[in-house]
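2 protein chains.
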Amino acid sequence: MLARILPRLDPGDSALLGAGDDAAVVAAPDGRYVVTTDLMVHGPDFRLAWSRPHDLGWKAAATNLTDVAAMGARPTALVVSIAAPPTTRVDLLEGIADGLRDALVALAPGAGVVGGDLSASSVLMIAVTAFGDLEGRAPVLRSGARPGDVLAHAGARGDAARGLALLFAQARDGSGEPDAALADDVRARHPHLVGAQLAPEPPVAAGVLAATAGATAMLDVSDGLARDARRLAEASGVGLAFRRDALGDDPMTALAGAEDHGLLAAFPPGTVPPRPFEVIGVVDGHAGRLTLDGEPVDTSGWDPYTGWDGGAG
Amino acid sequence: MLARILPRLDPGDSALLGAGDDAAVVAAPDGRYVVTTDLMVHGPDFRLAWSRPHDLGWKAAATNLTDVAAMGARPTALVVSIAAPPTTRVDLLEGIADGLRDALVALAPGAGVVGGDLSASSVLMIAVTAFGDLEGRAPVLRSGARPGDVLAHAGARGDAARGLALLFAQARDGSGEPDAALADDVRARHPHLVGAQLAPEPPVAAGVLAATAGATAMLDVSDGLARDARRLAEASGVGLAFRRDALGDDPMTALAGAEDHGLLAAFPPGTVPPRPFEVIGVVDGHAGRLTLDGEPVDTSGWDPYTGWDGGAG
Chain P
-11 MLARILPRLD PGDSALLGAG DDAAVVAAPD GRYVVTTDLM VHGPDFRLAW SRPHDLGWKA
49 AATNLTDVAA MGARPTALVV SIAAPPTTRV DLLEGIADGL RDALVALAPG AGVVGGDLSA
109 SSVLMIAVTA FGDLEGRAPV LRSGARPGDV LAHAGARGDA ARGLALLFAQ ARDGSGEPDA
169 ALADDVRARH PHLVGAQLAP EPPVAAGVLA ATAGATAMLD VSDGLARDAR RLAEASGVGL
229 AFRRDALGDD PMTALAGAED HGLLAAFPPG TVPPRPFEVI GVVDGHAGRL TLDGEPVDTS
289 GWDPYTGWDG GAG
Chain S
-11 MLARILPRLD PGDSALLGAG DDAAVVAAPD GRYVVTTDLM VHGPDFRLAW SRPHDLGWKA
49 AATNLTDVAA MGARPTALVV SIAAPPTTRV DLLEGIADGL RDALVALAPG AGVVGGDLSA
109 SSVLMIAVTA FGDLEGRAPV LRSGARPGDV LAHAGARGDA ARGLALLFAQ ARDGSGEPDA
169 ALADDVRARH PHLVGAQLAP EPPVAAGVLA ATAGATAMLD VSDGLARDAR RLAEASGVGL
229 AFRRDALGDD PMTALAGAED HGLLAAFPPG TVPPRPFEVI GVVDGHAGRL TLDGEPVDTS
289 GWDPYTGWDG GAG
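Listed in order, the protein sequences are those of chains P and S.
If you're matching positions, the first sequence starts at -11 in the working numbering and goes up one per residue.
If you're matching positions, the second sequence starts at -11 in the working numbering and goes up one per residue.
A hint or two may mislead.
[To be verified] Among the chain S residues that face chain P by a calculated CB cut under 8 Å, a handful are:
hint, residue
1, A12
2, V14
3, A16
4, G19
5, M59
6, V67
7, G104
8, S110
9, V111
10, R130
11, P135
12, V267
[As the list claims (entries may be wrong)] Chain S side only, calculated, beta carbon under 7 Å to chain P, not exhaustive:
hint, residue
13, V56
14, M113
15, T117
16, D272
17, G273
[As the list claims (entries may be wrong)] Between beta-carbon pairs, the in silico distance windows are:
hint, chain 1, residue 1, chain 2, residue 2, range
18, P, E222, S, P74, 22 to 32 Å
19, S, A94, P, D161, 51 to 61 Å
20, S, E222, P, D90, 31 to 41 Å
21, P, D161, S, V78, 56 to 66 Å
22, P, D79, S, D79, 33 to 43 Å
23, S, A94, P, H180, 49 to 59 Å
24, P, P17, S, L106, 27 to 37 Å
25, S, P(-5), P, G164, 35 to 45 Å
26, S, E283, P, D18, 18 to 28 Å
Worth flagging that the hints you see were computed from the coordinates, not collected in a lab.
From the three backbone atoms N, C-alpha and C, an ideal C-beta is built for every residue, glycine too.
All chains, please: the whole structure from these sequences, using the hints.
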């Protein structure tokens, strides 16, 4: 089965030795490498009735690449472990491999897959570990924002949550279970929003742009802009003041919606953040406080998966 | 839950930035790093009735560290992703963390855990990605053995399979299911063999010793000495001639038994392999052929898990 999958994957420009031995060897030109890992499990993280195999590979790559980008690093390589039921068709695994490959080409050209593992499991699971090159720069941490900094964001704001809401509302059968034909129909009518949920296109290249523009802090927005902003605020000991007019027609979804995998960054006062970053507010001195046009933002009770049976489907 | 686990883990000497941001940063002093990844899934790879949580963390670390060692590299760091049922007790996860930590201290001092992820799943699963430092040396591949080389092995030969056979024979209940009390009893009577299966102690430090002694080829012996030897023979285009007197009282189990995680290496003619390596034969020119005292070795039909229901237990 690995023989069908590995030829679909390119080891990339940083692989000194790709898959096939006990381990791979990857270049780290500046003597350091960035590493992050993320799991996707059938049920809590995706449904096969909604996500095509290509979507799964794409999203597994995209989410990990964004974590690398959020350090200000250029993604170089992935390793991928897949646990799948013994009855899994090889074309599902091939679809996952094609999704990984296409996401790398689109989001991180030059990065590749340098290794992996395949195991039997009753539950389909994809574990990706991603690597990046800081190219001599310091990593951009969550903790470096200072009062007066410009607060900027790159990527979608709420679209992945809007897509998930559409799937919940319109792609479940009479008993509430995810339905593939209904999902295809919703996706045909709302390709942008459903695509943002199932196969997001995060602004991976913007990570390096932010770092070279002097970003003082940055993080990947995976749990919603407000929740992740709070992490940056707490790590930096600052407050964050959002501007409502920067958040579009539906600022609450922009703040609360998860899984967009955008980048939130702070830049020194007076910086014009590089595109695709857009200014959405300012850093202030009220440690740990988030505001929207001066009003407190409370996201403590927000959970889009409440009532969702992660074990079924 | 992560707050209970992370303090139990040391990021190690190579971590420039440990867990807590979007990604970690690890040192790669010679501008390269070795990377390998391996999954352990409840059912096919372990049973909770037999393995204690500490065993699981230990084995997940040990198997990955051996893959790093098999390249001739010094292990530096791990990232660990765990998928566990929502009902999992935190002390099980703490036990896994303690096993990871203790295996690192025992097998790869200075290496640490620099990151991880925790997800919900109906099946317990541990995915480890391990990193290593080649310290300026070339990686030791499977493909470098040459006729006349000394064939040597470090580590257990068959003990893990003997331990698994004891568990199969004596630690299953009346309906054939793994039983924790019976496993404790077997382990008390056969601590070495059952320990070799559940918490192996592979010769991780021997990887660097082999590389510095000039090993021409090396690999991790995880699927049985004969099966993995065949991989080395095919990659190198050579034959391997084992000596029966070097394989102990039970040479067939020594050749066929899986999961010992020893190291098989070839050294230039005349080399005295460094301890704990022991000479077990010689490399010859019969491409792809394995022999034992001149007789062909056939392991094509050997599978210790035949008839084993990987989905239950």
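So, going through the hints one by one against the coordinates:
Because the beta carbon of A12/S sits about 5 Å from the nearest beta carbon in chain P, less than 8 Å, this interface hint is met. Proximity of V14/S to chain P holds as hinted, the smallest CB-CB distance being about 6 Å (cut-off 8 Å). Annotation: A16/S was flagged as interfacial toward chain P, and the flag holds, the nearest CB pair being 4 Å apart, inside 8 Å. Interface restraint check for G19/S: the shortest CB-CB distance to chain P comes to about 6 Å, inside 8 Å, so the restraint holds.
Given the 8 Å rule on beta carbons, the hint for M59/S holds: about 5 Å separates it from the nearest Cβ of chain P. The closest approach between the C-beta of V67/S and any C-beta of chain P is roughly 4 Å, which is under the 8 Å cut-off, so the hint is satisfied. The beta carbon of G104/S is positioned within 8 Å of a beta carbon in chain P (closest approach about 6 Å), and the interface hint is therefore held. Using the Cβ-Cβ criterion of 8 Å, the hint placing S110/S at the interface with chain P is satisfied: the shortest such distance is roughly 6 Å.
At a threshold of 8 Å, the smallest CB-CB gap from V111/S to chain P is about 5 Å, leaving the interface hint in force. Proximity of R130/S to chain P holds as hinted, the smallest CB-CB distance being about 6 Å (cut-off 8 Å). Evaluation of the P135/S hint against chain P yields a violated restraint, the C-beta minimum of about 21 Å exceeding 8 Å. Contact between V267/S and chain P, as hinted, is not supported at the beta carbon level, the nearest pair being about 22 Å apart and thus beyond 8 Å.
Taking 7 Å as the C-beta contact cut-off toward chain P, the hint placing V56/S at the interface holds, the least distance being around 6 Å. For M113/S, the suggested interface contact is upheld, since its CB lies about 6 Å from the closest CB of chain P, less than 7 Å. At a threshold of 7 Å, the smallest CB-CB gap from T117/S to chain P is about 4 Å, leaving the interface hint in force. For D272/S, the suggested interface contact is broken, since its CB lies about 22 Å from the closest CB of chain P, more than 7 Å.
Checking G273/S against chain P: minimum C-beta separation of about 23 Å lies over 7 Å; hint violated. For E222/P paired with P74/S, a C-beta distance near 26 Å keeps the hint of 22 to 32 Å intact. The supplied range of 51 to 61 Å is met by A94/S and D161/P, whose beta-carbon atoms lie about 53 Å from each other. Checked against the given bound of 31 to 41 Å, the beta carbons of E222/S and D90/P, roughly 32 Å apart, stay inside it.
Between D161/P and V78/S the Cβ separation comes to about 36 Å, which falls outside the hinted range of 56 to 66 Å. The supplied range of 33 to 43 Å is met by D79/P and D79/S, whose beta-carbon atoms lie about 41 Å from each other. Evaluation of the 49 to 59 Å hint for A94/S and H180/P yields a pass: the beta carbon distance comes to about 53 Å. At roughly 32 Å, the beta-carbon separation of P17/P and L106/S lies within the given 27 to 37 Å, and the hint holds.
Look at P(-5)/S against G164/P: about 40 Å separates their beta carbons, and that is inside 35 to 45 Å. For E283/S and D18/P, the Cβ-Cβ distance of about 54 Å falls outside the hinted range of 18 to 28 Å, so the restraint is violated.
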